[in-house]
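Work from the hints to combine the two standalone chains into their complex.
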Amino acid sequence: DQQVKQNSPSLSVQEGRISILNCDYTNSMFDYFLWYKKYPAEGPTFLISISSIKDKNEDGRFTVFLNKSAKHLSLHIVPSQPGDSAVYFCAASAAYTNAGKSTFGDGTTLTVKP
Amino acid sequence: DGGITQSPKYLFRKEGQNVTLSCEQNLNHDAMYWYRQDPGQGLRLIYYSQIVNDFQKGDIAEGYSVSREKKESFPLTVTSAQKNPTAFYLCASSIGTGAASTDTQYFGPGTRLTVL
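Same order as they appear, the protein sequences are chains A and B. The numbering of the first sequence is my numbering, which starts it at 1 and goes up by one. The numbering of the second sequence is my numbering, which starts it at 115 and goes up by one.
Chain B extracted, bound-state conformation (with noise of 0.2 Å):
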């Protein structure tokens, strides 16, 4: 069946390393996100990529940076640079057509980073 995935759900890593969280979907979907949630606060944008092979910085896109090799698949790299990497990274997806009514994102389970 249809979806998006994120792997894994848990990660833990010592400062100064990088680390790259996985995401993958079948939905057929061109438009693909990244976002940070950190406690009590909303979904920021970290980046954003509407077509195989193009992305865009989001709002908070310092200290991280990502890949579209291929439409399934959307990686982010979490990387030294991220002065406080510690939160819930969240990948989503959309038909991305360019009509509003496409706007609805479809997001992964999660994956909870903590860095030690």
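If we strip away everything but chain A, and leave its shape as in the complex, we get (with noise of 0.2 Å):
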């Protein structure tokens, strides 16, 4: 039973426009969810997170939006530039497990065009 979905294995813009990079979760104890993203060869790097109190966290051109309701949670990133073209994971944590005992998506391929 997969607790972080990316249903989207793949997605493709074209620089300038927006990336929208989805991600559901079934576990409704998560409180606490992040984006990492990844280069081949690499490991992940922390993008921007967001707690189950708020809806939405911006930072420069990324904003994930949470809609606790439809256990939904979205990235945005705009404008999307080449150097975005990464694999992005979406991670989820309760707090009432061990801290940093994150639930990991399968990622989301994203390609920018130039």
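Simulated from the structure, these hints should not be mistaken for laboratory data. Please note that a few of the clues may not be correct.
20 Å max Cα-Cα, derived DMTMM-like pairs, lysine to aspartate or glutamate [unchecked claim]:
#	chain 1	residue 1	chain 2	residue 2
1	B	K197	B	E129
2	A	K101	B	E138
3	B	K123	A	E42
This is the structure we're talking about:
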């Protein structure tokens, strides 16, 4: 039973346009959500996070939206740049579990075309 | 400068041999983790440790073992009991104080293990 799902394995957008990456979760106890970015043959790096007490968090070109009722979050990148091309992982954790024990989705490969 | 290191980057072993992957961090983080990534899949948790001398099994611990004798180090041994050990292994650490806001994990560069 996969608790965090990223249903789109890949996404291709034109440079300058908006990229929207989606993530769904099933565990209602999740209350903290993170997005990581990963280049090939490297470890993931933290991108942005959101707590369940918020519905939006913004950091520069990156915005994460959380819809708790739908158990859905999305990452918006605008404008998209070729350097954004990478695999993006959504992760979720619950305060009642050990801190940091996040559950990861399978990732979405984003390709930004010049 | 602070960070998390894994060595070696590429590792080749013969089937039936145990192999130990190194993970060191100088971030003064309490929590450390080992993940496995297979092609087209996400990160699957093998083991994690919240504090020195303590660790717990993750989702796919069978065939693996760990130790946490020092705060900075969390080596992973892939034993001959692991049926499909060829994969990309990632180590991570986090502050681990128990607050959700500290859940951000910092990852090492990974070790690609190939069992021949």
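Consistency of the hints with the structure:
no.	hint	result
1	B:K197 to B:E129	10 Å, holds
2	A:K101 to B:E138	19 Å, holds
3	B:K123 to A:E42	10 Å, holds
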